[in-house]
Amino acid sequence: SQQGEEDPQALSIQEGENATMNCSYKTSINNLQWYRQNSGRGLVHLILIRSNEREKHSGRLRVTLDTSKKSSSLLITASRAADTASYFCATADRSGSARQLTFGSGTQLTVLP
Amino acid sequence: GAGVSQSPSNKVTEKGKDVELRCDPISGHTALYWYRQSLGQGLEFLIYFQGNSAPDKSGLPSDRFSAERTGGSVSTLTIQRTQQEDSAVYLCASSLRAGILGADTQYFGPGTRLTVL
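Here the protein sequences come in this chain order: A and B.
Position 52 of the first sequence, counting from 1, maps to 67 under the working numbering, and the rest follow consecutively.
Position 114 of the second sequence, counting from 1, maps to 395 under the working numbering, and the rest follow consecutively.
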C-alpha cells in the first residue's frame, strides 16, 4: 500500500504565485524525497531531506520535514507554467528491510499563465 | 548513455499474450527497481535488484510477473498471459547503491506504456 499521501490531490494557481504541497507518512523513515513527473512518464528527482533535517532549499524549492507529525511540505516559489506537473513524495523506510521507495499518489499542479 | 533507458516506449498487446519490457540502468549503478503506475495513481513497487544479491520480489502482484537482471546491468520484466488490469506505465529506476545515504537517489527511465486489449 502507498505510505505517502499527498495533499491536495490537485492544485491550480496563477503564474508567479507560490505552490505548497503536503505529504504525510506512517512509519519511521530514513529520508523523504520529492519527485516530479511530466505527462505520466519518467520521474525526476527534485530534493531529498534526511530524517535529522528540518528544512532544505534548492533553487525555488523549499522542503520541510516534521518527523513528530510524520509530514513534509514542498513549496515552489514564484511558480511558472513549466512547473505544471505531478509531484510525488517518496519515503525510504528506516528499518532497512525495505530498500525500495514508497510513493504517494501525487499532487497534480497546474500553473496558469 | 547518460540516463536510464527503457524499451519499448509503448506496447499494445492482446489479452493472454506475454510481454517483455527492458531497462538499461545508468552505468555503474548497482541497484535497479521496477515500479508500476496505473492511470492517475502513484507508483507501485514491483521488484528490486541490488548487485548479486537475491532480488526483493515482494511487490510482484502475481506469479505471472517475473524479472531478471543479467550481468548486473540490463533488466527484463516479463508479464505472462497479460490481463487488462496489467495496463499501466512500467517505470524502471536505478541508484548507485540502495540503502546507503547519499547514494540511494533513484533515477528513473521514461517508462513503458503497456496497453492490454
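Among these hints, one or two may not hold up.
Unchecked claim - Pairwise CB distance ranges (calculated):
(1) A/Ser73 to B/Lys298: 40 to 46 Å
(2) A/Arg75 to B/Thr386: 40 to 46 Å
(3) B/Gly309 to A/Asp22: 48 to 54 Å
As the list claims (entries may be wrong) - In silico lysine to aspartate or glutamate, DMTMM-like type, Cα no more than 20 Å apart, as pairs:
(4) A/Lys41 to B/Asp299
(5) A/Lys71 to B/Asp385
(6) B/Lys338 to A/Asp108
(7) A/Lys85 to A/Glu70
(8) A/Lys84 to A/Asp98
(9) A/Lys84 to A/Asp22
(10) A/Lys85 to A/Glu68
(11) A/Lys85 to A/Asp108
(12) A/Lys41 to A/Asp81
It is worth saying that the hints were derived from the structure and are not from the lab.
The beta-carbon is built from N, C-alpha and C at its ideal position, and this holds for glycine as well.
Does A/Asp98 lie within 20 Å of A/Lys84 when you go C-alpha to C-alpha?
-> This hinted pair is violated, its Cα atoms lying about 28 Å apart.
Pair hint outcome, A/Lys84 versus A/Asp22 [Cα-Cα no greater than 20 Å] | holds, 15 Å
Is A/Lys71 within 20 Å of B/Asp385, Cα to Cα?
-> Roughly 18 Å between the alpha carbons, so the hint for A/Lys71 and B/Asp385 holds.
Using the beta carbons of A/Ser73 and B/Lys298, state whether their distance is inside 40 to 46 Å or not.
-> Given about 44 Å between the Cβ atoms, the range holds.
Could you say whether the range 48 to 54 Å given as a hint is met by the Cβ separation of B/Gly309 and A/Asp22?
-> violated, 37 Å
Are A/Lys41 and B/Asp299 close enough, with their CA atoms no more than 20 Å apart?
-> Violated, at roughly 37 Å.
Pair hint A/Lys85 and A/Asp108, alpha-carbon separation not exceeding 20 Å | holds, 12 Å
Under the criterion that the straight-line Cα-Cα distance not exceed 20 Å, is the pair A/Lys41, A/Asp81 satisfied?
-> Holds: A/Lys41 and A/Asp81 sit about 12 Å apart, inside 20 Å.
20 Å limit on alpha-carbon distance, applied to hinted pair A/Lys85 and A/Glu70 = Holds, at roughly 14 Å.
Are the Cα positions of A/Lys85 and A/Glu68 separated by 20 Å at most?
-> holds, 13 Å
Between A/Arg75 and B/Thr386, does the C-beta distance stay in 40 to 46 Å?
-> The hint (40 to 46 Å, Cβ to Cβ) is violated, given that A/Arg75 and B/Thr386 are roughly 20 Å apart.
Proposed proximity, A/Asp108 with B/Lys338 (alpha carbon, max 20 Å) = The hint holds at about 17 Å.
Violation of the numbered hints given earlier is confined to hints 2, 3, 4 and 8; the remaining hints are satisfied by the structure.
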